[in-house]
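Novice: These are the residues of each chain, in order.
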Amino acid sequence: MEGVFYMAAAVAVISTALVIVQMNVVHALLYLILSLLSAAVIFVTLGAPFVAALEVIIYAGAIMILFVFVIMMLNLGTQSAGMERQWMRAGMWAGPAVLALLLLADVIYMLAVSPRVSGYAAKAAGPREVGIALFGPYLIGVELASVLLLAGLVGSFHLGRSVRQRLPEEGEAGGGEGD
Amino acid sequence: MLSLLWLVPALPFAGFLALALFGRRMGAFAAAVGTGSVGLSALFALAVAAGFISSPPPARIYTQSLWDWINVGGFKPGILLYLDSLSLVMVLVVTVVGFLIHLYSAEFMEADDGYSRFFAYMNLFVGSMLVLVLAGNLLLLYLGWEGVGLCSYLLIGFWYRQPENGAAAIKAFVVTRIGDTALAIGLFFLFLNLGTLDIQKMMNMAALRWQAGSAYPEIAAALILGGALGKSAQLPLQTWLPDAMAGPTPVSALIHAATMVTAGVYLIARTNVIFTMAPAVQFAVAVIGAATLLLSAASALVQHDIKRVLAYSTISQIGYMFLALGVGAWSAAIFHLMTHAFFKALLFLGAGAVISGLDGEHDIFKMGGLRRQMPVAFWCFLTGACSLAALPLVTAGFYSKGLILFSAWQSRRAGFWLWAAGIAGALLTSIYIFRLVFIVFFGKPKTAVVKKPGPRIVIPLVALAFLSIVGGFVNMPAFFGVKDVFSRFLESVFPVPPQAASLPETELLLETVSAIVSLAGVYVAYFFFLAAPEYSEEMARTAPGRALGKFWFSGWGFDWLYEKALVSPYRWFARANRNDAVDLIYSFIAAASRFFHYGLSLSQTGKVRFYAAVLALGAVITITIAVLAR
Amino acid sequence: MILLWLIIVPFAGGVAAWILGLRGRGGGSAARWASIAALAVDLALLAAILAGRSAAAGRHGDFFLEARAGWVPQLGISIHLGMDGLSLLLVFLTVFMGIVSVVASWTEITERAGFFHFNLLWCLAGVIGVFLSMDLFLFYFFWEMMLVPMYFLIAIWGHERRTYAAIKFFIFTQLGGLLMLMAILGLYFIHGSQTGAYTFDYFDLIGTRMSSAAAFWLMLGFFVSFAVKLPAVPVHSWLPDAHTEAPTAGSVILAGLLLKTGAYGMLRFMVPLFPDASQRFAPVGMAVGIIGILYGAVLAFGQTDLKRLIADTSISHMGFILVGIFAWNGLALQGVTMQIISHAISTGMLFILVGALQERIHTRDMDLMGRLWEKVPVMGGVAMVFALASLGLPGLGNFVAEFLILLGAFRANPAASAAASLGLIVSTVYALWIMQRVFHGDERTRWTLPDMSVREKGVAAAMIVAIVWLGLYPQPVINEAAPALDGLRRISISGPQAVKIPAPDFRLTAAAKAVPLPAEEDPAFDKKARVVPDISSQKSGEGVNERP
Amino acid sequence: MAAVPMEHVFVLAWVLFITGLVGVLVRRNLLFILMSVEIMLNASGLAFIAAGFKWGQPDGQVMFIFILAMAAAEVSVGLALVLLAYRQFRSLDADQASRMRG
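Protein chains in written order, with this note's numbering: chain B, 1 to 179; chain L, 1 to 630; chain F, 1 to 548; chain E, 1 to 102.
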């Protein structure tokens with residue numbers, strides 16, 4: 001199992017890194033799916049097969065499909081890759097690097113000072129426990145999540161629908177402002 | 001008879017009201033109202049005087065309470081008229097001289113478009129002056145005091161179109177207000193220490209509660225003196241009076257010669273009890289008087305403007321009165337006040353006749369030979385000049401000034417020096433006034449006479465000339481064997497001056513000396529300005545002569561000093577601070593918050609990634625803090 | 001109940017004016033008449049109070065009329081109104097100035113006249129409420145309530161920089177009000193924790209025991225709030241802007257009434273609630289007043305904007321009030337009352353004149369005026385009268401006021417009074433400066449303008465009569481205010497004071513010694529403060545001892 | 001499996017999270033930004049799972065499910081906005097949509 005974890009981790013790290021340096025969106029998306037799948041593998045090693053399944057089905061499946069649709073709708077040409085290359089400049093990495101280092105320092109410090117509790121719980125929580133917890137103490141959360149999803153649904157529907165009517169109006173306003 | 005007293009000040013006020021409300025519709029009738037009200041007031045004053053003399057009220061004091069002015073706790077000054085022999089003299093001087101000058105103005109101001117306004121102010125002045133001299137308490141006196149100051153301001157700036165007249169008017173009001181403020185503080189001090197502002201009660205209380213020479217009367221006297229200095233244009237507050245000549249000539253005659261400027265003398269005489277108890281301050285009064293009379297007499301010597309000569313002369317003559325007050329010769333001071341009112345008003349009115357005759361010419365060196373062209377003005381002016389120069393025996397000035405000099409001589413403190421200053425001043429007086437007479441009325445005519453004085457100008461001139469002669473006969477020196485009627489009349493008000501040591505012979509000697517001195521002055525003036533003017537011109541051309549002349553001409557540099565030390569800095573500061581330095585604090589706060597506002601709004605770039613970066617940075621910092629603070 | 005009507009009538013009148021003003025044509029005129037009518041009704045109510053006041057007596061000594069109704073009883077908040085002589089005078093002044101300002105701005109306001117009069121009347125109602133409130137919460141309520149309409153008056157009908165001025169005015173007074181609210185709450189909780197009765201009632205809160213430090217800080221909260229309103233240097237700088245930019249009626253009400261609420265607050269609340277702290281603070285308060293007197297005058301002298309000049313003179317005049325309040329003796333307090341009234345009249349009229357002038361020549365810049373006497377002699381004469389009132393000429397109301405204040409202050413602190421007297425000199429300078437620049441001197445611009453109309457003359461005549469009457473026969477006012485002021489002084493000494501601090505020697509003369517006075521009754525409060533400089537002891541050393 | 005120390009899992013989560021964050025900050029293309037956000041969400045989910053596994057509690061997995069739901073909602077709205085932005089600006093450049101600049 002250890003080997004599986006480290007291998008999956010290596011795949012996840014590498015594929016994720018490739019996601020953010022890709023020039024082509026579709027390639028990046030494929031690497032992202034790879035990253036998500038490796039995450040699913042890690043979940044399995046961490047005793048959460050149910051969640052791993054969700055990860056594969058919903059994340060790598062449904063959500064990524066959305067991206068694919070959008071990319072298709074946008075119908076980006078070949079020039080977009082060149083533009084991406086143009087946008088990527090070496091200097092842009094400096095700020096995020098500093099942030100990353102800061103956060104790294106935090107993590108190292110935390111790991112260094114926090115008391116080491118070795119070992120794991122005897123038994124991992126299975127889908128059953130998760131289900132009980134979800135519809136027990138986290139019921140409110142579930143309800144809220146459903147509301148959130150509904151809101152997302154309504155929101156995306158609204159945004160997608162009114163695009164055509166709003167466009168000229170917005171353009172005018174934008175031109176008139178001249179700011 | 002005496003109960004008519006309230007009408008004396010009320011009539012001029014009524015005249016003022018009528019003129020202020022309806023004056024512009026009255027036309028020439030305004031003069032009748034203005035002059036008439038003062039004339040009636042003078043008649044009532046004479047009636048009251050007759051009543052006062054024929055059947056004197058108990059203790060020779062008559063009071064008439066009109067209404068309660070203020071009554072707060074123990075502070076209850078009323079509108080209370082108070083008549084004793086001193087205020088009676090003042091009332092007569094004010095109303096009679098005032099009436100004559102009003103009459104004069106009726107013709108003098110005829111062509112002016114502010115005819116009714118002029119009479120309104122003049123009536124207000126006479127009313128205020130009467131309140132001043134009749135006031136039974138110091139607060140009411142202060143009302144009159146400020147009222148006359150106001151009228152002085154209004155009338156100096158009467159020809160308001162010229163900015164310099166306005167400047168002179170403001171200067172007069174502000175400078176006198178400095179003195180008035182000292183007086184106001186004096187009132188606070190007196191009330192809180194003596195518990196009343198009623199003059200009579202106050203004097204009794206002062207005599208009862210204060211010890212002569214202690215700090216209380218000294219402070220009180222010093223503060224009162226401050227007021228008197230401002231109003232009477234004495235050192236160091238004398239600078240306003242020469243500039244005050246910007247007003248119409250009748251105004252100079254009435255306010256700046258005969259009545260208002262002598263109010264300080266009246267005030268000190270009124271509060272003589274306090275001054276007697278304050279020897280240091282009283283001596284200061286004498287010294288200030290002596291210094292003022294010398295300084296301004298010297299300045300009068302070199303002026304070109306006929307009215308400025310007379311203005312400096314007025315300051316100088318009031319210096320004499322202060323000298324008299326300072327040596328305790330109260331009745332001498334009042335006597336000189338009265339005679340001075342006659343002859344100085346006469347001189348001013350004469351000068352006014354000359355000025356209007358020459359179509360507004362003020363420069364004496366452009367006048368000349370007017371003796372033949374304006375004989376009435378000449379003779380009257382000459383009478384006034386003789387009286388001012390104190391030519392012996394026939395003039396009023398001789399008797400009043402002689403009495404002052406004699407009293408100064410008798411003074412126990414630096415008597416000789418005070419007398420010497422007085423006698424030197426007398427010499428200068430006689431020189432400068434006859435310089436004026438010789439330059440203006442003798443020699444060759446230089447400017448054509450355009451206007452002869454009419455009857456309304458001539459009558460006051462002659463009347464005042466008459467008074468300038470006979471006014472002195474009421475109080476003759478002892479060696480003439482005539483009773484000193486005037487001093488006796490005032491005896492009920494003033495303590496009898498210490499007369500023990502000297503003999504009539506001394507007095508005779510002193511009078512002789514002063515007579516000689518004044519005649520010598522006339523001769524000097526004749527020699528330098530008529531017979532051999534080249535000498536005086538030669539003298540003025542030498543370097544020290546020129547410097548001295550300039551220095552004296554500018555009134556000993558006081559104006560310059562005040563301008564540099566007080567007026568300019570104040571004006572500069574006010575201008576510099578126009579936008580209020582304190583507001584800068586708040587402007588700074590506002591600017592700082594606006595600065596931060598701009599800074600923050602700059603951070604709103606509209607770039608999502610920037611927001612995300614800042615968000616991340618903030619989160620990282622928060623986490624770091626949380627980690628480190630654990 | 002009649003007291004409540006005094007407040008309700010202007011409120012209702014304001015609403016009526018707004019509604020009437022909505023009619024396009026003739027609406028403005030209707031709104032004006034409605035305002036006049038409302039104020040006239042108030043005047044009638046005051047007359048009724050005056051006529052029948054012997055019959056009705058209030059619960060508390062000098063209050064001849066009181067009304068009380070619950071508002072939020074749980075928190076001890078009640079609608080408690082009371083009227084004593086002081087309140088009566090001030091309410092009368094409010095109504096009078098209200099009528100004057102409506103009449104004075106008859107032709108000035110043409111746009112949205114209905115809403116203008118609505119604001120005007122609501123502001124007046126707030127002021128009346130401030131003068132009548134005997135409940136601190138209610139007081140605060142009215143205090144803030146008069147602010148908002150005034151903000152609108154400035155911001156909508158003001159001149160060039162009206163927005164700036166309105167916001168500045170609002171922020172300053174609002175911050176001051178906030179401090180007062182904190183102080184009120186502090187007092188409320190201290191009183192409540194001690195007695196168990198949580199109440200905002202003025203009469204209950206008087207005499208609350210507290211540590212001297214607490215009293216000092218609470219007093220300071222009130223002081224700052226009132227000082228902003230008064231205004232005192234250095235929190236005065238909202239005033240020139242607000243007064244300058246406000247429409248005429250706004251300036252009149254600001255100068256005549258709103259500033260006076262600060263003075264009233266000090267008289268009614270600050271000193272009686274915290275007598276000891278106030279007394280300890282007196283030297284500072286007097287110093288602030290003196291600085292205000294002189295600084296305001298200097299500020300005024302430097303201006304070229306006529307209205308701003310007049311606004312700055314208010315700072316100077318309010319300095320006298322501060323000096324008088326901290327002198328806290330009978331003379332000074334009467335002087336303060338007189339100053340409140342006569343300053344309202346004199347400065348109000350000056351503002352009306354400036355408004356009239358601006359209506360005619362559309363500028364306030366004195367550099368463009370000059371020799372206007374030639375064109376408008378009547379206006380010049382009226383301006384002269386009020387310039388003279390402003391410089392404190394005897395015979396006009398301001399003199400009586402300033403003289404009494406200085407006299408009272410001299411008893412409390414001679415040096416301070418002498419310093420304050422310098423104000424008489426500097427005020428002369430600026431007052432005469434106005435006349436010189438505007439009405440006399442060179443003609444810098446050739447204007448053609450009509451003299452005062454009958455309506456303006458009527459206003460001027462009323463004001464002149466008032467100011468002369470106050471100057472020559474102020475006794476009715478003094479008699480009216482006397483019991484109330486005595487009451488205030490009694491309250492401020494008789495309240496149970498837990499922490500009696502020995503009065504520090506704040507007098508400027510160190511070698512002070514009290515000298516008994518003959519004809520003066522002296523409440524205990526100013527016994528501490530009364531002093532006569534004993535300079536004689538330095539010189540002769542026997543001046544005092546020899547006295548009977 | 002017990003041999004994998006907790007720290008390693010967390011370091012992995014951190015690496016993924018930082019990669020996502022760097023992606024958000026570095027890329028200008030809105031699609032990449034959205035994807036990077038997904039990476040970050042996923043990384044935090046990983047941390048939850050690990051913690052839940054450590055203590056044998058279901059809460060970690062529950063949290064992941066919530067994150068999933070939220071991600072779904074976010075992506076649907078986000079992508080709709082991307083479409084909208086593209087129509088409006090003819091570009092996916094996030095920096096171009098800066099009309100809200102203050």
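Treat the hints loosely; a few may be bogus.
[Said to hold, decoys possible] Going by beta-carbon spacing under 10 Å, a handful of chain L positions derived as facing chain E:
(1) R209
(2) P375
(3) F378
(4) L382
(5) T605
(6) G606
(7) K607
(8) A612
(9) A613
[What the hints assert, rightly or not] With a straight-line cut-off of 20 Å between C-alpha atoms, the simulated EDC-like cross-links for lysine to aspartate or glutamate are:
(10) L:K76 to F:E359
(11) L:K607 to E:E7
(12) E:K54 to B:E143
(13) F:K375 to L:D112
(14) L:K607 to E:D93
These are calculated hints, taken from the structure and not from any lab test. All C-beta atoms, glycine included, are put in the ideal place defined by N, C-alpha and C.
Novice: Now tell me, hint by hint, if it's right for this structure.
Specialist: So, going through the hints one by one against the coordinates:
Taking 10 Å as the C-beta cut-off, the interface hint given for R209 of chain L is violated, the closest approach to chain E being about 77 Å. The beta carbon of P375 of chain L comes no nearer than 92 Å to any beta carbon in chain E, farther than 10 Å, and the hint placing it at the interface is violated. With a cut of 10 Å, the hint placing F378 of chain L at the interface with chain E is violated, because the nearest CB-to-CB distance is about 89 Å. Contact between L382 of chain L and chain E, as hinted, is not supported at the beta carbon level, the nearest pair being about 90 Å apart and thus beyond 10 Å.
Nearest Cβ of chain E to the Cβ of T605 of chain L: about 5 Å, under the 10 Å cut. The hint holds. A least Cβ separation of about 3 Å between G606 of chain L and chain E falls short of the 10 Å threshold, and the interface hint therefore holds. Hint status for K607 of chain L relative to chain E: holds, with the closest Cβ pair at about 5 Å, below 10 Å. Taking 10 Å as the C-beta cut-off, the interface hint given for A612 of chain L holds, the closest approach to chain E being about 5 Å.
Contact between A613 of chain L and chain E, as hinted, is supported at the beta carbon level, the nearest pair being about 5 Å apart and thus within 10 Å. The hinted pair formed by K76 of chain L and E359 of chain F fails the criterion: a straight-line CA distance of about 44 Å is larger than 20 Å. Note on K607 of chain L and E7 of chain E: the hinted pairing is violated, with a Cα-Cα distance of about 36 Å set against a maximum of 20 Å. Under the criterion of a C-alpha separation no larger than 20 Å, the hint pairing K54 of chain E with E143 of chain B is inconsistent with the structure, at around 27 Å.
Simply put, K375 of chain F and D112 of chain L have alpha-carbon atoms about 16 Å apart, close enough for the 20 Å limit, and the pair holds. Restraint check for K607 of chain L and D93 of chain E: the C-alpha separation of about 10 Å stays at or below 20 Å, so the hint holds.
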